[in-house]
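Position chain B with the ligands against the provided structure of chain A, taking the given hints into account.
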Amino acid sequence: MAEKLKPEEILNISHQPPLTSKGWMDTRSEIRPGMHCYACEPKNLEVVDFPNPRQWSVMDEDWKLPENWKEIFLEGMKDRLDRFRSFKLFMDICVRCGACADKCHFFIGSGDPKNMPVLRAELFRSLYRKYFTTAGKLFGKAAGARELTYEVLKELWYYLYQCSECRRCSVFCPYGIDTAELTIIGRELTNLLGLNIDWIAAPVAFCYRTGNHLGIQPHAYKGMIEFFVDEIEDITGVRVNPTFNRKGAEILFITPSGDVFADPGTFTCMGYLILFHYLESLGLDITWSTYASEGGNFGFFTSHEMAKRLNAKMYAEAKRLGVKWILGGECGHMWRVINQYMDTFNGPADFLEEPVSPITGTKFENAKSTKMVHICEFTADLIRNNKLKLDPSRNDNKIVTFHDSCNPARAMGLLEEPRYIIKNVCNHFYEMPPNTIREQTYCCGGGSGLNAGEDMELRMRGGLPRANAVKYVHDKYGVNMLACICAIDRAVFPELMNYWETGAEVTGIHELVANALVLPGEKKRTTDLRAEPLPGMEETEDV
Amino acid sequence: MSLKDLLIKNKHAILEKWFDIALGVYAEQGQTFFKKQKDRFANPVGHTTSEGIESIYDELLKETESDKLPLFLENIMKIRAVQDFSASDALSFIPGLKRIIREQLGSILLQKEIAEEWAVFESKVDRLALLGFDAYTNSRQRLFDSRVNEVRTRAARLLKMAGIGYDIPVEEKGVKNGKADNA
Ligand code: SF4
Ligand code: SF4
Chain A
1 MAEKLKPEEI LNISHQPPLT SKGWMDTRSE IRPGMHCYAC EPKNLEVVDF PNPRQWSVMD
61 EDWKLPENWK EIFLEGMKDR LDRFRSFKLF MDICVRCGAC ADKCHFFIGS GDPKNMPVLR
121 AELFRSLYRK YFTTAGKLFG KAAGARELTY EVLKELWYYL YQCSECRRCS VFCPYGIDTA
181 ELTIIGRELT NLLGLNIDWI AAPVAFCYRT GNHLGIQPHA YKGMIEFFVD EIEDITGVRV
241 NPTFNRKGAE ILFITPSGDV FADPGTFTCM GYLILFHYLE SLGLDITWST YASEGGNFGF
301 FTSHEMAKRL NAKMYAEAKR LGVKWILGGE CGHMWRVINQ YMDTFNGPAD FLEEPVSPIT
361 GTKFENAKST KMVHICEFTA DLIRNNKLKL DPSRNDNKIV TFHDSCNPAR AMGLLEEPRY
421 IIKNVCNHFY EMPPNTIREQ TYCCGGGSGL NAGEDMELRM RGGLPRANAV KYVHDKYGVN
481 MLACICAIDR AVFPELMNYW ETGAEVTGIH ELVANALVLP GEKKRTTDLR AEPLPGMEET
541 EDV
Chain B
544 MSLKDLLIKN KHAILEKWFD IALGVYAEQG QTFFKKQKDR FANPVGHTTS EGIESIYDEL
604 LKETESDKLP LFLENIMKIR AVQDFSASDA LSFIPGLKRI IREQLGSILL QKEIAEEWAV
664 FESKVDRLAL LGFDAYTNSR QRLFDSRVNE VRTRAARLLK MAGIGYDIPV EEKGVKNGKA
724 DNA
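As you go down the protein sequences, you meet chains A and B in turn.
The working numbering applies: residue 1 is where the first sequence begins, and numbers increase by one.
The working numbering applies: residue 544 is where the second sequence begins, and numbers increase by one.
Same shape as in the complex, but just chain B:
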């Protein structure tokens, strides 16, 4: 059996633990709620996080990296960027995936044919952490952009009224919400 097959077979157990780790940064009552409440509208944090990590996991199992990882990460990071976390706390669940898989699969990972695959997988997780960092900083940037945008909207009418023809530029050319359009 290849590592990929093992990861597919153990997906449920691994994801459950990964979800726990992802929620581990929240206070106890928060964790309980995010885990228990299954209605996605009553619990957007729990729902987005669990859906997000599953999508990421599936993506990691693919042979070639697709362009979807940043989006999946951003869905989670957008939430964490407006909660009380430092960047390291917000991202801490990503490296946690390696530990869970190690615990789950144990010595199997040392078998020669698996070990190589595992090394590749580990580097994918490392890369995931870096992408996660991008997603977190992008989200923080969006937050600050929102502050600026709002001030701009509030001022626009008043400037117009005062007969001041100056239009506050909407955004830098080719840059939207702190990200280059082609990013």
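Just chain A, with the same shape it has in the complex:
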């Protein structure tokens, strides 16, 4: 949802190109370690029939490209200019007003001009001018056009993989240009040449083959969740009974696999399990799948076609099991794919039914076409209808703030539900400053497949604006818990918070829900899901 500029503000925008006149084309970009992810392994491209699988390294001079790489790239560009109206439009209409220039967290954290969205796009646009416009063909550099050389390709690659596709810049563009979409197309072109990073290529290959980013086999996936079942019993005294691949269930639950294998996402996963158990007696009929065991879609970071192939697996599983609709967990880009792309990719999912909450009878009209409901919508609706018995004081030692994950916030407008839930399950909630939340939220610095370890320097600078706002509420209100609804956030934030010393730990929202949820027949709870003492129970715990 772009902030609408008032007419007088639009008039105030300078139509001079201030940012491109500074000779950026002549400033060489040096590829540096810490600022990029490692190159893709050939086996991970082979699995999905992606071109040019070979061993290569980003720091090498020779990237082992096919001989006709330039032709492939330009053909690919032409093809996409024909196919995607937005691409063509975004290439043409930017007036270089600079409104987006200082809105990217990677620029804010580095001061590197090529991380200004306008210039990031200009790296690409200069090629468009050169090869697809008359002025560019005739006047070259004077018209902002440049030749596609090996060096230009490398520079473009470097900066395409320094954009987390967060879309913050697009909120501020008076023309609605979405630089993230340009990055998406740009990355597609790099994939035509086999120039992916392994942190994306491996999850794609795994997901395609096994159903999730980590390649967890069905039995191991089930084993992991059963492990949580034991932990939940230790903490609550209640044994929950999730079912797997159960045909005829009413609802299929899909969440990012990160929730299943990595802390602190695992506590959120336990949260889902506890909530579902609580709702069972109220009529919830839900199953997990060990095949559609991934909500995330790293295919979205390679090409539209690959995103479609992976997205289709979720719906194929829903069809196979004969469920009525799908409930989705706390994930980021999964929701962008569902909300903005799914219908075109694989929709309409008319073999499913329009989602209705079996507990409250609420119709989720917004999910009429995709048949997939966000768990925050689902839970907020339960709370609103007084269906949950909650004891928020069990979260009293948590002073919470909420990070709007880029995709749920900017790609689906999910702004109120998470806050509504938090306020009902916690007594201490404080917002970060307004220009760092909601539509203007700052990226975690590791979105769009950039959450590898080798690019830690990039992630830390990109995450600085977010961490800076967390530190502020920590210093001001004592915030010690950063809540978020994205698995990449949960993976990226712990070290970001640590490096910038914000004093905050990281949690998903359903972890907080489950801490507060009073289960029928539960034992006297002394710890939260992390096995840390509940407020007032510090003495009873032998820790």
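Don't read these hints as lab results, they were simulated from the structure.
Predicted, not measured: the structure shown is a model, and the values here were computed from it.
Cβ coordinates follow ideal geometry from the N, Cα and C atoms, glycine included.
Hints may contain errors.
What the hints assert, rightly or not - Using C-beta positions, here's what the derived DEER-type ranges look like:
| # | chain 1 | residue 1 | chain 2 | residue 2 | range |
| --- | --- | --- | --- | --- | --- |
| 1 | B | GLY567 | A | THR526 | 55 to 63 Å |
| 2 | B | GLY567 | A | GLU539 | 52 to 60 Å |
| 3 | B | GLY567 | A | ASP263 | 38 to 46 Å |
Relative to the frame of chain A, chain B with the ligands by itself:
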């Protein structure tokens, strides 16, 4: 007037120039942005840097060195340690302070009663540079620790699942984030 009084009187002008030098390592568009944008949430680098150098300056004017300098330096160095700088670039603004003061106060510094104070102040700045180096390397260390920590977190559940009882040690005793606790 003592040197200290002069430095207090000229604080604004000196800090302005010191800020310029501190930002001098960034590309032109970066500098402009870091300088112009006054909102601390829209511009954490500019805000932290300007606040940091002011705190450092005030600290240098105190009679005895407090333990706060490392913290102030670290706030700035933590940022520089994840930007494209070499250690020498990241630290270059520190010795720059001497040059600015020399330019600002000129021959006054040669006056006998001031000269002695100036020599002391100069050695404080030298010491500041050394502390700055510590802060920079500590920050780089934190960065590498983060990489290790993350791998550890990712592996922990899987090890547990695989029934491997080995717990990866969290940190060396008494050492946190690459710094001894008592440092
Ligand atoms: S992308 Fe939009 S905001 Fe950015 S320079 Fe172009 S027109 Fe202006
Ligand atoms: S989409 Fe996000 S990361 Fe990419 S240029 Fe825009 S603000 Fe920067």
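Can you give the numbers of the hints that this structure goes against, from lowest to highest? Every hint satisfied by this model.
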